[in-house]
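Colleague: Next come the chains, spelled out residue by residue.
Protein chains: 2
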Amino acid sequence: MIRVDYQKYMDFCADACMRAGLRQEVASATAYYLVRTDMLGTYTHGSLNLLPYLKKVETGGIVRDARPEVVSEGSAWAVIEGNNGMGFYNAKVAMDLGMKKAKETGLSYVVVKNSSHYGACGVYAVEGAEKGFITLSASNVAKTMTVPGGKGGIIGNSPFSYAVPAGKYPPVFLDIATSNIAGMKVNRAKTAGEQVPPGSIVDENGLPTTDPNTNWALYPLGGHKGYGIAFFIEVMTSILSGGVVLDIPLWIKSMPTICPYSQMFFFLNVSDMMDPTLFGQRMDDAITQIAQSPKAAGSDRIYLPGDMEWERYQDALQCGLKLPDDIEKNARELAEWKDLDFQNCLK
Amino acid sequence: MIRVDYQKYMDFCADACMRAGLRQEVASATAYYLVRTDMLGTYTHGSLNLLPYLKKVETGGIVRDARPEVVSEGSAWAVIEGNNGMGFYNAKVAMDLGMKKAKETGLSYVVVKNSSHYGACGVYAVEGAEKGFITLSASNVAKTMTVPGGKGGIIGNSPFSYAVPAGKYPPVFLDIATSNIAGMKVNRAKTAGEQVPPGSIVDENGLPTTDPNTNWALYPLGGHKGYGIAFFIEVMTSILSGGVVLDIPLWIKSMPTICPYSQMFFFLNVSDMMDPTLFGQRMDDAITQIAQSPKAAGSDRIYLPGDMEWERYQDALQCGLKLPDDIEKNARELAEWKDLDFQNCLK
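Residue numbers (the numbering used here), protein chains in the order written: chain A, 241 to 587; chain B, 241 to 587.
Among the clues, some could well be false.
Any copy will do: because identical chains look the same in the list, a pair fits if it lies in one copy or spans two.
No more than 20 Å apart at the CA atoms, straight line, and that leaves these computed lysine to aspartate or glutamate pairs for DMTMM-like [as the list claims (entries may be wrong)]: (1) LYS340 <-> GLU313; (2) LYS343 <-> GLU313; (3) LYS430 <-> GLU309; (4) LYS535 <-> ASP487; (5) LYS535 <-> ASP515; (6) LYS562 <-> GLU573; (7) LYS295 <-> ASP547; (8) LYS343 <-> ASP525; (9) LYS343 <-> ASP515; (10) LYS425 <-> ASP451; (11) LYS248 <-> ASP540; (12) LYS535 <-> ASP443; (13) LYS248 <-> GLU573; (14) LYS535 <-> ASP547; (15) LYS535 <-> GLU444; (16) LYS562 <-> ASP245; (17) LYS535 <-> GLU313; (18) LYS295 <-> GLU551; (19) LYS425 <-> ASP579; (20) LYS535 <-> GLU265; (21) LYS340 <-> GLU370; (22) LYS425 <-> ASP525.
Read the hints as simulated data drawn from the structure, not as lab findings.
Since the structure is predicted, the reported quantities are computational estimates derived from the model, not experimental observations.
Required output: the full structure, derived from the provided sequences and hints.
Modeller: Written out as structure tokens, the structure is:
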């Protein structure tokens, strides 16, 4: 585990993108969202993946020169054709447009179809909240989840996130998938020779198992509840936008394969509806009331959604961003591939 | 178990409301939503509760003559002061206004503060979908749920629902609470001398238990996930509207007590964004793909969200609405109290 200067590391990531032939604005959006995701502690969806993303660009699985286009819009909504370019930049264009519209109408919905993987949805929600908007984001994903009564991958365990600005506290935010656990955790349990918790996966017959060595599929959060939410995300991302519905390849499985994810963004401009200072106070009061509630035996703290992430974020700001070994390894490989100086990023 | 003519039974419920002194439009909205909720099979939140609602009206816990007022609005949103009147009528006013706004701007958000209990949120989402809108509704509720690290009731297990219009199929819809199981199921297990499934509740120390005889609190769906969603519902209902945050009394516990629930409604006008016939086809394709997926061992069908509810609805339309014994008992008591003819409703 090393620590890097997050700003230098962001520049490093942006430089890598540019040497892979991405335009400057695409490179900087990609670096910004990936490194911020690391800073919030969501390492599985941050700069760890920059190496495979750029391999995907190299092999045509992400279209290098793509430019997103608004293909239809109203005062409070827009559909963007992503042209299979970098998901991070498509997301940035959607974010900027959505916030602009929400400033005019109070709320907005923007969806990008035919994009590519856009990392962790939480990083977008957080940015929206920092700018004064109650923000939601969600993506459809590859069909790695079964549904009650089924077997095999039937729908994506599509993630969604929200973030809400507060007053003296940082935004409250949540970034979750609609399965009980993440697929990566099943793979880790397999490698470690461990079982997964009951309810996490089903076997090749669609029956509950705790054995990650089966030909498993993820099981939805709470059964019909997570399934129902995942279906709604499919509606709000791909079905309503005219994007590719359900059949999204897993982006990391085959580098040259185009993976046309759809992603949605929703904004509500708080200051349209309530004085933002008052809203912040009301948020702070709710936060305080929950945090000061009686604790369970053995617990000394109640976390608000996002608390853990913001603690990691503060640590990264103050002491430098911790990079786990697998990210350092990928960064060094990237440095070698693109002839960049990673050493310079170290704290 | 008896069957009633749903239309006659709706009239019966409306008559009961009017004899309790509610205005005609309040009576008909209340009867409509309650009986439709029964028709969809959500008996716990339907006409079973009309008797206690009217006792609440009688004792001042719901304000008989209240009129909802729009207290602030923009082109795509509105905040309604419910003046603690009947939640069903406040909801109807919010629904009508929200759909009107969504026709103009594409999407809308309407929230009612200081309302009262509004039954099952699914019935509103379904109505919106039937009229061509992707619809969400949610309510904050009494604090019967703990959160990870806490003990006792800290937040409501606030329910939310969505419904989406389809083509040849009925709307896909989901109506769920943010706890793992409903409080009523815990009470039923207690009465029956049974245990509840692991993960459903915590005991008075905030520790997991399966024993409903403890001083239990509900546990959130998937722990931090359900907690995070419940917090978001609190934001979108009470915090943003200026309503009462977190501290809502349980409506049925004390009849004279005002219970100022806040409820939100979100609409997206499908036809603004896509030809509704095409959208319906895209929905039908997704539905068909999921329903025709491989089945788990021992399963012969995959249900779409809402399938079971629509089957009950069709049965009620065709053969009459089944009323379980507890609802029949309440209806007969209501008939006696308000001097109405319940017998006339029977099939």
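Colleague: Hints broken by the structure, by number, lowest first?
Modeller: 3, 5, 7, 8, 11, 17, 18, 19, 20, 22
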